[in-house]
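Since the structure of chain P is provided, determine the placement of chain S on it from the hints.
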Amino acid sequence: MSLSNITRGLLIAQLKKVLSKESLLQEPETMRPYECDGLSAYRQLPGVVCLPETVEQVQAVMRICYALKVPIVPRGAGTGLSGGALPDSAGVLLVLTKLNHILEIDTQNFCARIEPGVRNLALSDVTRPLGLYYAPDPSSQMACTIGGNVAENSGGVHCLKYGLTVHNVLGLKIITVEGELLEIGGKTLDSSGYDLLALLCGSEGLLGVVVEVTVRLLPCPEYAQVLLAVFDDVAKAGSTVSHIIAAGIIPAGLEMMDKLVIQAVEDFTHAGFPKHAHAILLCEMDGAKTEVIEQISRVQDIMLQSGAFELRVAKDEAERALFWKSRKSAFTALGRLSPDYYCMDGTIPRRSLATVLTRIAALSEAFNLPVANVFHAGDGNLHPLILYDANREGDLKQTERLGSQILELCVSVGGTITGEHGVGIEKLGGMCMQFTSSELTQFLAVKTAFDEQGLLNPGKAIPTLHRCAEFGAMHVHQGQLTFPELERY
Amino acid sequence: MSNDLSHALQAQVKEALANKQTLAIIGGQSKKFLQTPVATSTLELVNHSGVIDYQPSELFITARAGTPLSEIEHLLAEHQQLLASESPHFSRGENLATLGGTIACGYSGSRRPFSGSLRDHVLGVRILNGEGELLTFGGQVMKNVAGFDVSRLMVGARGTLGALLEITLRVMPKPEAEITLRFECSLRHSAQCMVDFMHQSLPLSAMAWLEGAVFIRLQGTERVIQNAKQKVGGELMTNSPHFWQSLGEQTHPFFHAQSPLWRLSMPPSSHLEIPEQALFVDWCGGLRWWHTDKSEDEVKKMAAKQGGYAYLFRDAVPVSGDVPPAHLLALHQRLKKSFDPQCIFNPGVMGDSV
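Line order of the protein sequences matches chains P and S.
Counted the way numbering that gives the first Met the number 0 counts, the first sequence spans residues 0 to 488.
Counted the way numbering that gives the first Met the number 0 counts, the second sequence spans residues 0 to 353.
Chain P on its own, in the form it takes in the complex:
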């Protein structure tokens, strides 16, 4: 469905009254850059694109849309990997990147008030000279915005110790679907009434549009050190992760890469990873220097006992940065190995790491599609990347079937279909797998409490029961996910 000419005309006429010419895009060629987010297999031109520069403009846009019953899809930098910011052809794409001011850095209260379009890394860049930083660090932190982080409840490599976005947000200002400004929380460590901050973090733009965020800033740790351990067997590396945690150590980050990833990354960054390794664990400790040194030594012992055949401690800050650069460039490096890849995001209990990795390897063989594994091992958040070629007949279909089976595997061992990338448009089928119809109905009721007419990011994150019924039927007959109303590229 797209906007009727009459509604579109009316909408644009009203939007013109509140937005500058540069903030309102309506021609296909100017809207083209916004037709997809990080999940580029799904594309759609929006009805119009709005790029408000002030909170008042956001509010005005929302009021206009509400009055005309026009759907709104909020968007940050568009780095999301689940299609959460896929435009609606009948709606407004509300891009918040021009709201990019750091409003206040409060060193006395360890927090910052920022607009949603501020980039994740830009915030820490500004606060680090003051001895403070913002902990959540998704791998897209160079580009992704805080508003998007709130919508997706983004994690990152350090969330094992420092938590996800939800653990680091103190306050929000949101614009409701009706255009009302609501202030929730502030600079306090808790807020009055229901925990709306928890509900809004990760709500994927379905409940309101974030226009200001108060985030917690942490004092920069005195010292950080990273340990690299090499294994000749993925299962050994997997059980090492459990052994470290069982020893009562919570590393700041604990990441794992398998053989395929190690090779790709080494070709890309030349960090000196042994290419014959079957698995590498990166384990970072931070805090007081004595504490870090003590923990590194304990972790070294555990790794050796668990079968690591080579251990390296980054010799200086530059090498530490290089180790992390390798981890963070894994997706890019893999992109060079294969024309296309499909990134999964299931989370599983750590105890199942070895089993699940072995079963993924078997599935990969059965489907004849390589799967590379790079993930946040410490919290069991897997990112299997299925390498495929979209131009090869049937490859994408096979990839989606394999992906669906991997997610089923995650759910079957007590995990979840998405650890940090969100449901978006991509994992609606998975939601039907993970939740009962009563649970989905409850989610929809929560949605209705905020947005009765379903105008905010419609068709994302929470599937309708009708959708699930459809999915279930297809699932049985064809064993695959398809979204017939979506064009594929």
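What the hints contain is simulated information worked out from the structure, not anything from laboratory work.
These numbers come from a predicted model, not from an experiment.
Watch out, some of these pointers could steer you wrong.
Unchecked claim - Taking lysine to aspartate or glutamate pairs in the EDC-like style, the calculated list, with each CA pair at most 20 Å apart, reads:
(1) P/Lys-258 - P/Glu-103
(2) S/Lys-13 - P/Glu-438
(3) S/Lys-299 - S/Glu-275
(4) P/Lys-288 - S/Asp-195
(5) S/Lys-336 - P/Glu-451
(6) S/Lys-304 - P/Glu-103
(7) S/Lys-230 - P/Glu-293
(8) S/Lys-304 - S/Asp-351
(9) P/Lys-314 - P/Glu-293
(10) S/Lys-228 - S/Glu-175
(11) P/Lys-314 - P/Asp-300
(12) P/Lys-288 - S/Glu-177
(13) S/Lys-336 - P/Asp-450
(14) P/Lys-160 - S/Glu-272
Below, chain S alone, put in the same frame as chain P:
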């Protein structure tokens, strides 16, 4: 004792719905200083108890709502673990507090600024909503963004959104040792003193101000603690665990004062003109406990002026505690209806309007 009463409880909710009754959800009744719901019938959770799953190396525990909090804490301690939020029991030594009641009230103790709040550690819940449906949200893993975060929404909702049946909490390793250091410091200088300590990369697990002194608790291995102690100095307290427990459980002599006790959640460094002897500052300044006879209006305005909020925590008669702020009331009411359309659960516990 392990006992699964899910289906009996579900039947009770359905019966209440059919008969248009309202239900007061009852746990261990440890928090009697809070107003009890005005309901026609009760839903007793204490016998719905037992630890369902505990995997020390997975850092989680799943237990039924009626499980005594003390039972969970003892079990974790056997495996050198703990609930990092240090939530109070308020059981007066009788082990009354249940896991469900603790979650429903959502209080966190002195460790909160360093290890997170109780809600931060909630990974999943199983609830009965107001239509008598058994629903599961979240899970046993830390990273999980499938669907809205209903699990954490339940924390502090005081049972108004549903009856908690099972809760999965993240657990943390128990530090090998802890010590508390005392530093003479006036209230006026305490905020800056705490900010300075925050920047020293210390293994902090609590920081408070009381009776003319700042108290900092350090945790970790013996070596780490000794090293930190040398760095900062201060006077070593001999009764560290008891000291913090008495503050958390409100058995410390400070809490013996007769005046009503107010809880103020504040930006940590904000200054309030409060007589020193009537004040206990926890959470590095983020939480203030104040014995005062001032009017509700006056205390709330004082807190709000500095960007915080306040509510009456204890008085001679049961109090309603935290109620939704006026500007969010309509949203609270709609959320309440989305979980409990007939408003059968805990009427009146979060103010008359929810």
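Open item on the list: Under the constraints set out in the numbered hints, which ones does this structure not fulfil?
Closed with: Those not satisfied are hints 1, 8, 14.
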